[in-house]
Amino acid sequence: MRRGEGHAHLAPFSFKVAALMLDIAFIRQNADAVRAAIKNKRVDLDLDLLLTTDKERRTLLGELEQKRARKNEIAQLISKASKEDRPTLIEEGKAVKVALEQREPAMTEVQKRFDELMLKVPSLPRPEVPIGVGEEDNVEIRKVGTVRTFDFKAKDHVELMTLHGMVNWEGPRKFAGGRSYALMGTGALLELAVTRLAVDTLVERGLTMVIPPVMVKERAMTGTGFFPLGREEAYAITADELFLVGTAEVPLVSLHADETFEASALPIRYAGISNCFRREAGAYGKDTKGLYRVHQFTKVEQVVFCVPDEEMAEKEHYQLLGNAEAILAKLEIPYRVALACTGEIGLGQTRKHEVESWMPGRNEGKGAYNETHSCSTLGDFQARRSNIRVRTADGTTAYAYTLNNTAIASPRILIPLLENHQNADGSITLPKALVPYMNGVTVLRPKA
RNA sequence: GGAGGGGUGACCGAGUGGUCGAAGGUGCUUGAUUGGAAAUCAAGUGUACUGAAAGGUACCGGGGGUUCGAAUCCCUUCCCCUCCGCCA
Numbered sequence: 003m004r005r006g007e008g009h010a011h012l013a014p015f016s017f018k019v020a021a022l023m024l025d026i027a028f029i030r031q032n033a034d035a036v037r038a039a040i041k042n043k044r045v046d047l048d049l050d051l052l053l054t055t056d057k058e059r060r061t062l063l064g065e066l067e068q069k070r071a072r073k074n075e076i077a078q079l080i081s082k083a084s085k086e087d088r089p090t091l092i093e094e095g096k097a098v099k100v101a102l103e104q105r106e107p108a109m110t111e112v113q114k115r116f117d118e119l120m121l122k123v124p125s126l127p128r129p130e131v132p133i134g135v136g137e138e139d140n141v142e143i144r145k146v147g148t149v150r151t152f153d154f155k156a157k158d159h160v161e162l163m164t165l166h167g168m169v170n171w172e173g174p175r176k177f178a179g180g181r182s183y184a185l186m187g188t189g190a191l192l193e194l195a196v197t198r199l200a201v202d203t204l205v206e207r208g209l210t211m212v213i214p215p216v217m218v219k220e221r222a223m224t225g226t227g228f229f230p231l232g233r234e235e236a237y238a239i240t241a242d243e244l245f246l247v248g249t250a251e252v253p254l255v256s257l258h259a260d261e262t263f264e265a266s267a268l269p270i271r272y273a274g275i276s277n278c279f280r281r282e283a284g285a286y287g288k289d290t291k292g293l294y295r296v297h298q299f300t301k302v303e304q305v306v307f308c309v310p311d312e313e314m315a316e317k318e319h320y321q322l323l324g325n326a327e328a329i330l331a332k333l334e335i336p337y338r339v340a341l342a343c344t345g346e347i348g349l350g351q352t353r354k355h356e357v358e359s360w361m362p363g364r365n366e367g368k369g370a371y372n373e374t375h376s377c378s379t380l381g382d383f384q385a386r387r388s389n390i391r392v393r394t395a396d397g398t399t400a401y402a403y404t405l406n407n408t409a410i411a412s413p414r415i416l417i418p419l420l421e422n423h424q425n426a427d428g429s430i431t432l433p434k435a436l437v438p439y440m441n442g443v444t445v446l447r448p449k450a
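Everything in the first sequence is counted per our numbering, starting at 3 for the first residue and increasing by one.
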């Protein structure tokens, strides 16, 4: 993490709106920029292969279209032709048809290869995004709140939750497998409390609450950019060809797939709550202790659709970030905001801020900031894939912009909540804002 | 799960093999009229791909088939509606 650069690092936005749009024409004309994005985002994609495939595709398309034009012409002529001329024309029509049928499989095949490659093309990171590989290259923007120094031996969340009987660790692992858990008693109540606090905060700030489906078709996964590259991460329900979502972002964005908004209808701001399911493939052995990384969790997610206007998207982005920060403030959890580097942002994200909460028990008890929220701008990446458009004042259409940010994810958020607010005797003093959601209880006491 | 009905442009809605990218209406845009507006009249008004352009191609829920030719015929699939069954 590079420090102290903060906002000074932010460069003025230098792309025109159109330049962000990754259609094949743009890719052809800006191959170098795309190549850089592929490299910096560490995407496994051979751009030259895409470009030659595109060339192949267009050549074949031209050929086919010529044949089709002739086919249409002949069909047209036959309807007007005399009895004598008909047989000849029908013969030619048949010939053209056969020629078409011979070439069409090649087109289908090329198109398929082309589409598969296109789905792997990343969006271009915005200019202010630092180039880097891993977490250590993220740039800290600011720290908020004071990290507490304990005058006693602080416990980590596993100890605390065990002490309070908040989790059944063992039972679920037997019948549901690794990374399973059951929230019990005050643990379960706390999850309901923090999610409800988050929901109320967002509703108060004008977002519309949504409880969406969590089983979705492949189209939704691809449309939001999680497939094909993140396929391994999703649970599949093969009998019905459905997938369990890893975030409500998927159904919330898909809610408007294939729609064309009137510009006046935007922005649309949603707060969705859902269970989230993640296989955590590739994270074997990582964060296996406790509730930091689990297969199933509850998340309140914010999703915004807005017109494709950079200034507007900026405003929305920082508003989403502000919403998350407001929730952390209510929970009185110290946190920091960082700008994720190119290697850490997703295929579709053009910029991502991470909000990392202070977790005293991490890093072998020395404490660490760890991600609890991530705030992303995706430009028109998802809108392209999901076919979500906006009709502008002059009657033309363009792809909408989408943004999203976590509001709260539990049980992960319970880690900083419990660890930061613990007392020497193992009791936990709840932040004031949470008390009403816990039916007036101000201090949680360990089970006797 | 069983039986039936339906999916056409921003919206309503016509269209059962060629002259249909699609009548008519609504809406919208522009112009005329008006002091201004309403009303009226006239013209225009889908999307995507491809091409330097002219143009061409594709799209009537999705996919496939029949045919020289498909919105129209056939198969299949998804979604919606009605009735029956089951059910939190």
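Some hints here could point you the wrong way.
Said to hold, decoys possible - Taking lysine to any residue pairs in the SDA-like style, the calculated list, with each CA pair at most 20 Å apart, reads:
| hint | residue 1 | residue 2 |
| --- | --- | --- |
| 1 | Lys-57 | Lys-85 |
| 2 | Lys-41 | Asp-139 |
| 3 | Lys-434 | Val-445 |
| 4 | Lys-69 | Lys-41 |
| 5 | Lys-122 | Arg-221 |
| 6 | Lys-41 | Pro-132 |
| 7 | Lys-57 | Met-120 |
| 8 | Lys-122 | Asn-32 |
| 9 | Lys-317 | Ile-275 |
| 10 | Lys-332 | Leu-436 |
| 11 | Lys-69 | Leu-102 |
| 12 | Lys-332 | Tyr-320 |
| 13 | Lys-219 | Val-135 |
| 14 | Lys-157 | Lys-317 |
| 15 | Lys-219 | Arg-271 |
| 16 | Lys-288 | Lys-219 |
| 17 | Lys-73 | Met-109 |
| 18 | Lys-122 | Cys-278 |
| 19 | Lys-85 | Gly-95 |
| 20 | Lys-288 | Asp-158 |
| 21 | Lys-449 | His-423 |
| 22 | Lys-291 | Ile-275 |
| 23 | Lys-288 | Gly-95 |
| 24 | Lys-332 | Val-146 |
| 25 | Lys-145 | Val-445 |
| 26 | Lys-157 | Trp-171 |
| 27 | Lys-219 | Leu-194 |
| 28 | Lys-122 | Leu-47 |
| 29 | Lys-291 | Pro-107 |
| 30 | Lys-449 | Ser-429 |
| 31 | Lys-114 | Gln-104 |
| 32 | Lys-368 | Pro-132 |
What the hints contain is simulated information worked out from the structure, not anything from laboratory work.
As the structure is a computational prediction, the values presented were derived from the model and not from experiment.
Okay, the hints, checked on the actual structure:
no.	hint	verdict
1	Lys-57 / Lys-85	43 Å, violated
2	Lys-41 / Asp-139	15 Å, holds
3	Lys-434 / Val-445	10 Å, holds
4	Lys-69 / Lys-41	40 Å, violated
5	Lys-122 / Arg-221	15 Å, holds
6	Lys-41 / Pro-132	13 Å, holds
7	Lys-57 / Met-120	13 Å, holds
8	Lys-122 / Asn-32	16 Å, holds
9	Lys-317 / Ile-275	23 Å, violated
10	Lys-332 / Leu-436	8 Å, holds
11	Lys-69 / Leu-102	7 Å, holds
12	Lys-332 / Tyr-320	18 Å, holds
13	Lys-219 / Val-135	32 Å, violated
14	Lys-157 / Lys-317	40 Å, violated
15	Lys-219 / Arg-271	23 Å, violated
16	Lys-288 / Lys-219	29 Å, violated
17	Lys-73 / Met-109	17 Å, holds
18	Lys-122 / Cys-278	24 Å, violated
19	Lys-85 / Gly-95	16 Å, holds
20	Lys-288 / Asp-158	17 Å, holds
21	Lys-449 / His-423	17 Å, holds
22	Lys-291 / Ile-275	26 Å, violated
23	Lys-288 / Gly-95	64 Å, violated
24	Lys-332 / Val-146	13 Å, holds
25	Lys-145 / Val-445	27 Å, violated
26	Lys-157 / Trp-171	17 Å, holds
27	Lys-219 / Leu-194	28 Å, violated
28	Lys-122 / Leu-47	7 Å, holds
29	Lys-291 / Pro-107	52 Å, violated
30	Lys-449 / Ser-429	10 Å, holds
31	Lys-114 / Gln-104	17 Å, holds
32	Lys-368 / Pro-132	28 Å, violated
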